[in-house]
Amino acid sequence: MLAYVIQRLLQAVGVMLAVGLIAFAMFNYIGDPVNNMVGQEASQADRAELRQQLGLNAPFPMQFARFVANALSGDFGMSLRMQRPVAHLIAERLPATLELVFASAILALAFGVPLGVFTGIKRHSWVSRVILTVSLVGVSLPTFVIGILLIYVFAVLLGMLPSFGRGEVVKLGWWSTGLLTKAGWLAIVMPAITLSLFQTTLILRLVRAEMLEVMRTDFIKFARARGLPERAINFGHALKNTLVPVITIVGLNIGGLIAFSIITETVFQWPGLGALFIQAVQFADVPVMAAYLVLVAAMFVLVNLAVDLLYYLVDPRLRGERAVAGGGH
Amino acid sequence: MALLEVEHLRVEFETRRGNLIAIDDVSLAIEEGEVLGVVGESGAGKSITGMAIIGLLEPPGRVTGGEIRLAGRRIDNLAYDSMRRIRGKEIGAIFQDPLTSLNPLYGVGRQLAETIMAHTDASPTAARARAIQLLGEVGIPAPERRIDAYPHEFSGGMRQRVVIALALAVNPRLIIADEPTTALDVSIQAQIIQLLKGLCREHGTAIMLITHDMGVIAETADRVAVMYAGRIAEVGPVRDVVKSAKHPYTKGLMGSIPIMGREVERLSQIDGSMPRLNAIPTGCAFNPRCPDGMARCGVERPDLMATGGPNRAACWLYAPLGVAVHG
Ligand SMILES: Nc1ncnc2c1ncn2[C@@H]1O[C@H](COP(=O)(O)OP(=O)(O)OP(=O)(O)O)[C@@H](O)[C@H]1O
Ligand code: SF4
Ligand SMILES: [Mg+2]
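Which chain is which? The protein sequence lines are W and E, in order. Anchor point for the first sequence: position 258 equals 258 in the working numbering, and the numbering is continuous, going up by one each time. Anchor point for the second sequence: position 229 equals 229 in the working numbering, and the numbering is continuous, going up by one each time.
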C-alpha cells in the first residue's frame, strides 16, 4: 500500500514539475517581465538594475528553482492588468469555480449513475430508449447553446432564476460561498445543470455499457442461481464491477469540468477562475495565465491521485501483497 | 412422487431466422437424494435443460411447453421473485468455470454470508459462522483465516470448492451441476466430484450431473439420461445404460469410452454429427446416423418406450410387436 502511494505521489510531483516548467517558460519568455513591470519609459540602466534585482541574470536552473519555491508559497507575482498579487485574485475566484464544479459533479453522478444502471438493466423498455435518446441531446448540443436556452426559458420567459452572477455570497474566512443563501442556490442551478449535462450523458452511457457487459458474466449468472435479490445483484455485484472504469472517467472529467467551466462561466457571468482566465488571455496577463495553468494542473493531478487510491479500495486484485501472503490478513 | 419432475418440456429460441426448438418434449424425474447423470454431445441441450429447471434461461430462450414440478409444486410458471426464493434454497447450481463464477470484488465469506442471509433470517454473525463451517466442509484448510480472502487468492480447484460451498449453503434439495470439473486440471477433477458427491450424500441432496465424462457418470450417477438433439434418447440405471445400452446412439457412445478412463472424452466417435437445431430430421432425429434405421424411423418420431430391461429408449427397435404404425 505504502509503496503504491509513494509511487503515485512521485509521479504527481513529476507531472507538477513539468507543468511548472511550462508555466515558468510562459512567465519569462512571453513578453518581457521587466517591461511588464516598469513600462516602456524606464531607462536602460533602470532596466538592467531591475533585471539584476529580480534575479533574471541568474542561471536558468536557479531561476526555475526560485519560481517553484515562490509558487509553493503561493506567490505568482503581480497581475499586469489589475496590479494586485495573482494569489489574491485566484483566492477570490477559486471558491466560485470549485462550488460550481462540485455541484455539477454531484448532479452528473446523481443522475448519470442511476440512469445508467436503469438503462443497462431494463435494456428493452421504452423508458430506457427515451432516456438514451434524450441523453444524446446532452452530448450533441454545445454547452453555450444549452446555457442560453436555459437563460431564455427560466430567466427571461419565466423569471424564476437569475440569469447571471452568484447571487448572495457569505464570507467564511477567505472563502466566499453561495451555498448558504437562497439567492446563491437559485443562482447556481442553471450554471450547474449546463456544466453537468455533458458529463451526465457520458457517465450514463458508460455505466450502461459497463452494466451490459457485467450482466453477461458468469458471476452474475451464478449470483442469480444462488437466489440473491435483484437489488443486491444489480446495485451490489454488477454496479461495483462497473466502478473501476466509471471512477476513471469521472476522475478525468472532474478535471474536464474545471476546463469546461470557462464557457459556462462566461455564459452565466459566473465570477470564477474561468472568467478570470478569459480576461487574462485578452490582456495577455501572463502571470495570471501561468498561475491558472499550474492550478488546473494541480487539480487534475490531485483528482488522479484520488482515483488511483479509489481503485485500490475497490479492486482487491490490485492489492498485490495479500495475494502473495496467501492467507487472511 | 419424485423430487423433480420434468414433463414434456419444450424450450424455444426465437431468432431472426425463425424459431429454434432447443428442447423438444423432454421428460425426466429425479428422486430425493438421487444422482442423475445427463450426457450427450455438445449442443444436445443439456445446459439448456438445466437452466430451464432453475428458471434462468436467457432471452430469447423461453419455455414454451410442458411442466416442471419440484416436490409436486409447479415451478416453471412462477413470478420472478417466487422463483428467486427457490433458487439457492431448494435448487442450487454449479457451473462449469470456477474461475469466473465468483465475484472478484467480494471476499468469499461475504458471498457465502449474503447467500445464507438471502434465504434464512440468520444474523450476520451467524451467517459468518456458518460460512466458516461451510468452507471447512468443502475442504478449505484453515477456513477461519481464509474467510475474508478474495477469489483471486485461491487456486482453481479451491475456487470450485468455494462454489460448491455456495451452492450448498442453505441445503438445497437438488443441485444442478453443469460440467463442474471440465475447466479444472485433470488431476483434481476426481477429488472435486468425490467432494460433491460425498456432501450431497450426507445431506440427502439430489444431483443432476451434466458431464461429458462417462467415467465420472459410471462412478457417480445412479441413473443416466442420454440426450440427443434436444430430446432424451435413453434413460435408465447407470449399470444398464453403460453395460447394456439399448438405443443405437447410446451403444455408439459406450463403444467410445476408454475403459474407466479419467480423461475427458468428447462424445463424437459415431460417424457424422448431430444435426443443427434448424435441420432436425423428421422422425427419429438420429436416423441419418443410425446403423439400424428402418423405413419407419424417417417418418415417425419414437417416444421413450420400454426395452425389456430397466432402460427406456426412444427407438423403434423396441416398438411392441403388432401395434399399428399409425392410429
Ligand atoms: N441464445 C441462443 N440462441 C439460439 N440457440 C441457442 C442459444 N443458446 C443455446 N442455443 C442452442 O441450444 C442448443 C442446446 O445448447 P446447450 O447449451 O444446452 O448444449 P449442451 O448440451 O449443454 O452442450 P455442451 O456440451 O457444449 O455444453 C444448442 O444447439 C445451441 O445451439
Ligand atoms: S428409431 Fe430408428 S433411427 Fe432412431 S435410433 Fe431407433 S433404429 Fe435408429
Ligand atoms: Mg453445456
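Source of the hints: derived by calculation from the structure; they are not laboratory data. Virtual Cβ for every residue (Gly too), placed ideally from N, Cα, C. Hints may be right or wrong, so weigh each one.
As the list claims (entries may be wrong) - Computed cross-link-like contacts, SDA-like style, restricted to lysine to any residue with a CA-CA straight-line distance of at most 25 Å:
hint: 1; chain 1: W; residue 1: Lys221; chain 2: E; residue 2: Asp81
hint: 2; chain 1: W; residue 1: Lys221; chain 2: E; residue 2: Ser42
hint: 3; chain 1: E; residue 1: Lys197; chain 2: E; residue 2: Ala71
hint: 4; chain 1: W; residue 1: Lys221; chain 2: E; residue 2: Pro310
hint: 5; chain 1: E; residue 1: Lys251; chain 2: E; residue 2: Gly156
Claimed, not checked - Sample of chain E residues lacking proximity to chain W, with all beta carbon distances greater than 10 Å (derived):
hint: 6; residue: Gly92
hint: 7; residue: Thr100
hint: 8; residue: Gly204
hint: 9; residue: Met254
We went through each hint and held it up to the structure:
no. : hint                     : result
1   : Lys221(W) with Asp81(E)  : 15 Å, holds
2   : Lys221(W) with Ser42(E)  : 21 Å, holds
3   : Lys197(E) with Ala71(E)  : 21 Å, holds
4   : Lys221(W) with Pro310(E) : 37 Å, violated
5   : Lys251(E) with Gly156(E) : 35 Å, violated
6   : Gly92                    : 7 Å, violated
7   : Thr100                   : 4 Å, violated
8   : Gly204                   : 20 Å, holds
9   : Met254                   : 32 Å, holds
Hint violations for this structure: numbers 4, 5, 6, 7, all remaining hints satisfied.
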